[in-house]
Every structure is written in C-alpha cells, then in structure tokens.
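So the protein sequences, as listed, match chains Y and G.
For the first sequence, position 282 matches number 282 in my numbering, and the numbering has no gaps at all.
For my numbering, count along the second sequence from 1 and bump the result up by 285.
I should point out that these hints are in silico values taken from the structure, not numbers from a laboratory.
Treat the numbers as computed from the prediction; the structure is a model and nothing was measured.
Honestly, I wouldn't trust all of these hints.
[Unchecked claim] Cβ-to-Cβ under 8 Å is the rule here; a few derived chain G residues that face chain Y: (1) Ala340; (2) Pro362; (3) Asn363; (4) Ile367; (5) Ile369; (6) Ala393; (7) Pro396; (8) Phe629.
[What the hints assert, rightly or not] Only pairs whose alpha carbons sit at most 27 Å apart, straight line, appear in this in silico DSS-like list of lysine-lysine: (9) Lys467(G) x Lys456(G); (10) Lys198(Y) x Lys610(G); (11) Lys467(G) x Lys405(G); (12) Lys610(G) x Lys456(G); (13) Lys317(G) x Lys456(G); (14) Lys405(G) x Lys198(Y).
[Unchecked claim] One side only, chain Y facing chain G, incomplete, derived with CB under 10 Å: (15) Pro179; (16) Leu181; (17) Ser183; (18) Ala187; (19) Gly189; (20) Thr195; (21) Ile199; (22) Pro202; (23) Leu203; (24) Met205.
Glycine included, every Cβ here is placed at the ideal spot set by N, Cα and C.
What follows is the residue order along each chain.
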Amino acid sequence: MAAAATEKSREWQLALPLTAFFALFFVAPLLLVIGISFQATRRMTGGLGLNQYAAFLGDSLNVEVLTDTLLLGVKATLLCLIFGYPLAWLFTRVSAKLQSLLIFLVILPIVTSVVVRTFAWIVILGRHGMVNDTIVALGLSAQPLHLLFSEAGVVIVLTQVQMPLMVLPLITVLQRIDPNLASASSALGAGAWRTFFKITLPLSMPGIIAGTILTYTACVTAFVTQSLIGGSRLLYMPMMIFQQAMDLQNWPFAAAVSVIFMISVLLIVALLVALSRGRAARLYG
Amino acid sequence: MTDASGHALALEHITHRFGDMVAASNINLDIKPGELVSLLGPSGCGKTTLLKIIAGFLRPTEGDVLVDGAAITHIPPNRRRIGIVFQNYALFPHMTVADNVGYGLAAAGRPKGEIAATVKEMLDVVQMSAFGDRLPRQLSGGQQQRVALARCLAIRPRILLLDEPFSALDKNLRLDMQIEIKRLQRQSGITTVLVTHDQEEALSISDRIAVLSRGILEQLAAPSEIYDRPRTLFVNTFVGTANLIEGIVAAKTKSDTGVRIGDAVIDTNLPTYLAVGDPILLSVRPESVRLSKAAGGLPVRIRAVMPIGPSQIYDVLLADGTPVKVVQDRAASAPDLTADSDAFLVIDGRRISGLFTNPDPTPGA
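Start from the sequences, fold in the hints, and give me the full structure.
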C-alpha cells in the first residue's frame with residue numbers, strides 16, 4: 001500500500017524531460033521576449049518602461065494591422081466551419097472505404113510542404129491561373145479577379161490549409177453521437193432540420209469549439225501563407241513582428257508587438273474555452 | 286393516455302435485401318388492435334430489420350406496412366406516430382428528463398402549458414415525477430427506461446415498438462420492468478411489437494410470438510402453442526429445451542404416427558407427411574418424459590443427476606448414444622436413479638412436441 005503510494009507520488013517524474021525541454025526552449029525565451037518588450041529604448045540601454053506598448057497602441061495603423069489579423073482568423077475559421085461541418089457529417093455516414101478516401105483528402109494539406117502548397121495556390125489564383133481562366137471563360141467576369149495578393153486569396157488558402165484542424169475534431173465528436181438519437185428524434189415527430197438544430201448541433205458543440213480554437217490560432221499565426229499569398233501590400237501581425245525584429249532590428253518594439261498579439265489571441269481562446277466549459281459541464285458533468 | 290382503442294398493424298409480403306443478403310423474406314403479419322406481439326429470433330434473423338421497417342427507418346425492398354388497413358410504407362418516420370423505445374433508450378443527453386418527455390410535443394408545436402401538463406402526466410404514469418429536472422446520465426438503467434417509455438407515450442403513438450427493452454437491465458429489475466410494461470400496455474390498450482432474442486421474455490409477456498429465422502417467419506402463434514406445438518424444427522429447438530431422438534416411421538394414419546426407436550415403437554398423436562420407412566426426428570420436452578427402474582420403454586444409462594430445488598435434472602444416454610435430458614419432480618423420482626446406473630426412459634406418445642423431417646439421419650439408425 002505504502003509502496004504503491006510512493007510509486008504513485010513519483011510518477012510525475014516521467015514528465016521531467018519534457019518539462020525541462022519546455023522550460024529551456026519555450027518558457028525561458030518567452031520570458032526573455034516579455035522582458036525585452038519593457039525596454040524603453042531601441043538600443044536596450046537599460047531604462048525600463050511601457051514606451052514600446054504606447055508606441056504600438058498610439059499608432060492607429062498598428063492597431064489596424066492587429067484587428068485585420070484577428071478578423072482574418074475569424075473569416076478563415078468561419079469558412080473552415082461552414083465547409084468542414086458537412087464534410088465531417090458526411091464522413092460519419094459513408095462506407096469504411098469512402099471514409100479512408102475522405103480522411104486522406106482531409107489530411108492532404110498537412111502532409112504537403114507549406115512552401116509547395118503555397119506556390120501551387122499562387123499558380124491557381126494568379127491573373128492567368130486556373131480560377132481566373134475559368135471565370136473569364138464562363139463569362140462571369142470580363143476581367144480576371146485580383147485573388148492573389150488580396151485578403152480574399154489569403155482567406156481561401158488558409159481555409160484549405162487549416163481545414164484538417166477543424167474537420168478532425170468534428171469527426172471525432174460526430175462519430176461519438178449515438179445514431180439512435182437522430183432516429184428517436186425522428187420517431188417523435190421531428191423533421192430533419194429540428195433534429196439537426198436540437199440534437200446533432202448541440203451535441204457536436206465540443207468539437208466545434210475545439211476545432212475553432214485550433215483553426216483560429218493556426219490561421220492568425222500562418223506566417224508563410226499570409227506573406228506569400230497576401231504579398232507585400234497586405235500586412236499582418238506575424239510579418240510585422242518579423243520586419244521589426246529582423247529588418248529593422250528593433251527588438252524591444254518587436255517584442256512588445258509579440259506580447260500584444262499573444263495576449264489578444266489568448267483572450268479569444270479563453271473566451272472559447274469558457275464557452276466549452278459551460279457546455280461540457282452540462283453534458284458530461 | 287393513448288387512443289381509447291388500439292390500432293391494427295399489418296405487414297404484407299415484406300421483403301428486404303441488403304445487397305445479396307435477404308434480411309426479410311415475404312413476411313406477413315397481422316397484429317390485432319391492443320395486441321402485444323414479440324418478434325423472437327437469434328441475432329441476424331431479421332427481427333430488427335422488421336422493427337426498423339415498421340418505424341420507417343428502412344424502406345422495405347418489397348411489400349407494405351399497414352396501420353388500420355392504410356399503407357404507411359411511403360410515410361417518413363416523423364409523420365407515422367409510431368413510438369419506439371431503443372435498446373439503449375437513446376435519451377437526449379443534453380436535455381432534462383422533462384425536456385426529453387416533452388420533445389415530441391414541442392416538435393408538434395403544442396403550446397407550452399399543454400406540454401407541461403402532458404409531461405407531468407406521463408412522468409406520473411411511469412412513477413418518475415420527482416426526476417423531471419435531472420439529466421439522463423443521473424438516472425439508473427431502469428429509470429432511464431421509464432423515461433424513454435414516457436417520452437414515447439407522450440406523443441400518443443398508434444403503435445409502440447420496443448427494441449430488446451430488457452436486455453440492458455439486471456435480472457431482478459428485468460422482471461419488474463416486464464410486469465410494469467405489460468401492465469401499462471394492458472391499461473392503455475396500445476398495440477405493441479417487441480423485439481427480443483430472449484425466449485423466456487417472449488413467452489412470459491406476449492399475446493402472440495412471431496419466431497423468425499434467417500429472414501423467414503417460422504411460426505406466429507400464442508406462447509403456449511409455440512412451446513407445445515412448434516411448427517418447425519427451428520422453433521422447436523430455439524424455444525425451450527428439446528430432446529431430438531432419431532427414429533423411423535413405422536406406421537401412419539391420417540392423424541397418428543408410429544415411430545420406431547431402437548426396438549420400441551412409440552404411438553404419437555401427430556400426423557406426418559413422411560412415408561413409412563423414412564427417417565424421422567421425434568422431439569420431446571424434458572418435462573414430458575419419465576425415468577424408471579422398472580422395465581419398459583427405451584433402455585438408457587444415467588450420466589449425471591442434478592437436483593435443482595423441487596425437481597431433478599437427469600442427463601441420460603440412449604443405446605445409440607443420443608443424449609436426452611429429463612426433468613421430473615424430486616418427490617416422484619426413485620432414489621435409486623443414480624449416476625452411472627441403467628434405467629428406462631418412458632416416452633408418452635401424447636406428450637411429444639413435434640415430429641420433423643430428419644435433415645441429417647445417422648446411417649443405420
């Protein structure tokens with residue numbers, strides 16, 4: 001009994017290697033970044049203050065970049081949800097053979113190199129790319145559309161690239177829902193829409209929230225996609241941090257921008273987690 | 286709580302195929318208003334397929350489902366007013382007991398006040414009034430079943446379907462719920478179809494039993510008739526315990542058959558379409574045969590004796606090695622009927638349960 005208790009009390013040691021790794025390569029650099037963000041001057045001469053934060057928030061152009069980035073995430077995440085939910089629902093209703101095909105298509109973006117798939121999108125979305133050629137040929141528009149180097153293009157590509165992060169949690173949750181629940185709802189007189197909104201949708205809420213958190217955080221921080229598809233005219237937070245840190249060597253300002261960005265995203269995630277806690281408590285106690 | 290009179294349910298020439306697999310083959314069932322009919326059979330016999338067809342979750346390949354003589358085959362499940370209680374109850378986990386019971390009424394667009402009144406009435410009927418605010422996961426299996434039943438009855442269904450309703454309950458609770466469901470069903474007069482693989486359950490609760498095997502309706506009859514006069518070898522062996530003894534048709538009239546087993550001939554009061562000299566299987570229940578030390582009947586060797594309360598079970602072997610089970614009152618059993626001794630098996634030709642074609646006769650039997 002006592003031996004078992006000691007054994008149990010020492011099990012936490014299994015987490016030591018990861019904890020050490022995490023502390024050394026994630027927590028320490030993060031603290032360093034936070035520390036640098038409070039440097040009053042660009043040269044980091046030792047004076048501390050909130051100067052960098054004041055500089056960021058004082059310029060409406062900077063705040064605009066922040067809201068653009070946060071909204072970009074909202075748009076791409078919503079599209080992922082709108083396209084991903086029917087796909088996940090379909091997955092739970094087809095044969096095992098079709099399921100493996102669907103899952104392969106869903107995870108395809110993950111297994112392709114980010115640079116390769118981004119260049120593929122440049123070819124597809126360009127002025128004389130497949131999409132524009134089709135649009136012009138069908139007579140939907142006389143001129144090719146500006147898809148590349150526009151926010152619409154970035155949203156389209158992010159939706160494709162981050163889709164697995166939305167679909168996989170949704171599939172997990174939808175598969176766990178007892179199919180008899182929908183049958184029972186139907187036998188009690190409910191139509192397909194009522195069954196969906198009263199039974200299937202509320203029960204899949206945990207998956208929607210998990211997928212939304214994953215997709216959102218991935219979309220707002222997608223440096224490569226944002227900069228290659230968005231081009232130089234569109235500026236989002238990750239690129240802004242990169243420019244300040246690497247091109248302008250303004251580390252204190254870059255650090256302050258990073259901290260502000262991190263806090264903004266964490267606030268949104270915390271909101272979603274709070275939402276899911278409330279639901280989970282009701283569902284699973 | 287339901288319509289004053291029950292509704293008639295009929296299946297006409299129902300056939301259902303899944304690819305090459307025939308799950309139901311030309312099934313005809315006529316269920317009278319207020320009747321409780323069990324669909325009994327092993328897994329894969331097509332009973333669940335039939336239940337889904339009645340509920341409307343499956344469209345049969347051929348044939349029609351009729352309620353009060355009108356075909357409902359083309360009507361979707363949500364407009365059939367056929368209630369179903371699932372094996373796992375399928376209560377909505379995110380809704381309270383009261384919301385579950387009121388779900389069908391809300392779907393029908395009834396006013397809030399009426400829903401609340403009906404929910405209260407239904408919870409009273411199943412004795413769950415104190416649990417309206419609970420969530421399903423806070424209830425025991427028996428309580429969940431009561432709620433599932435109340436939810437189903439709240440929409441005043443024309444037909445009630447029960448899918449293996451007692452299989453998830455432990456043994457003591459099972460009997461209580463069987464009695465309770467039978468009482469509710471009698472009281473409301475609702476036509477009920479129950480699916481089960483448990484023959485005891487079917488025998489005890491049903492007005493009639495439909496025995497199914499591999500998609501074929503083997504027999505539809507009252508429980509006592511299913512047990513005493515099984516029409517096919519399958520029904521005979523699936524329901525109750527049967528001793529199958531190989532013999533030869535020795536003599537036959539229009540209504541009687543003489544069966545020779547070893548050196549003895551047993552005169553039965555059942556007809557057969559087999560010819561004299563054909564191999565035949567004689568089936569007799571363990572409680573319909575008698576063991577005796579006095580000469581007469583078939584010589585047997587007793588392999589084992591097991592006392593179970595008021596009766597004794599004997600496991601004996603006929604001369605050709607066929608095992609036979611005998612159940613008789615302990616009071617009526619001679620004390621010298623012990624294991625590893627010889628005795629005689631007396632078969633009363635009037636109490637056999639059936640004569641069947643022998644599908645696989647032993648050569649020389």
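Each hint tested on the structure:
A distance limit of 8 Å between C-beta atoms decides the matter here; for Ala340(G) the minimum to chain Y is near 6 Å, and the interface restraint holds. A least Cβ separation of about 5 Å between Pro362(G) and chain Y falls short of the 8 Å threshold, and the interface hint therefore holds. Here the hint on Asn363(G) is kept, as its CB sits about 5 Å from the closest CB of chain Y, short of 8 Å. At its closest, the beta carbon of Ile367(G) sits 7 Å from a beta carbon of chain Y; the interface hint therefore holds under the 8 Å criterion.
A least Cβ separation of about 5 Å between Ile369(G) and chain Y falls short of the 8 Å threshold, and the interface hint therefore holds. The interface hint given for Ala393(G) is met, as the beta carbon of that residue sits about 5 Å from the closest beta carbon of chain Y, less than 8 Å. The restraint placing Pro396(G) at the interface with chain Y is violated, with a minimum CB-CB distance near 16 Å, outside the 8 Å limit. Below 8 Å, beta-carbon pairs count as interface contacts, and Phe629(G) has none with chain Y, the closest being about 55 Å; its hint is therefore violated.
The straight-line distance between the Cα atoms of Lys467(G) and Lys456(G) is roughly 17 Å, inside the 27 Å bound, and the hint therefore holds. A distance of roughly 56 Å separates the Cα atoms of Lys198(Y) and Lys610(G); the hinted pair therefore is violated under the 27 Å criterion. Annotation: proposed proximity of Lys467(G) to Lys405(G) holds, straight-line Cα distance about 22 Å (limit 27 Å). For the hint linking Lys610(G) to Lys456(G), the alpha-carbon distance of about 26 Å falls within 27 Å, and the restraint holds.
The straight-line distance between the Cα atoms of Lys317(G) and Lys456(G) is roughly 30 Å, outside the 27 Å bound, and the hint therefore fails. Restraint check: the Cα-Cα separation between Lys405(G) and Lys198(Y) comes to about 22 Å, which is no more than 27 Å; the hinted pair holds. A distance limit of 10 Å between C-beta atoms decides the matter here; for Pro179(Y) the minimum to chain G is near 9 Å, and the interface restraint holds. With a cut of 10 Å, the hint placing Leu181(Y) at the interface with chain G holds, because the nearest CB-to-CB distance is about 5 Å.
Annotation: interface hint on Ser183(Y) holds; nearest CB of chain G at approximately 6 Å, less than 10 Å. For the restraint placing Ala187(Y) at the interface with chain G, the shortest Cβ-Cβ distance is roughly 5 Å, inside the 10 Å limit, so the hint holds. For Gly189(Y), the suggested interface contact is upheld, since its CB lies about 4 Å from the closest CB of chain G, less than 10 Å. Given the 10 Å rule on beta carbons, the hint for Thr195(Y) holds: about 8 Å separates it from the nearest Cβ of chain G.
With its C-beta approaching chain G no nearer than about 6 Å, Ile199(Y) sits inside the 10 Å limit, and its interface hint holds. At its closest, the beta carbon of Pro202(Y) sits 5 Å from a beta carbon of chain G; the interface hint therefore holds under the 10 Å criterion. Hint status for Leu203(Y) relative to chain G: holds, with the closest Cβ pair at about 6 Å, below 10 Å. A distance limit of 10 Å between C-beta atoms decides the matter here; for Met205(Y) the minimum to chain G is near 9 Å, and the interface restraint holds.
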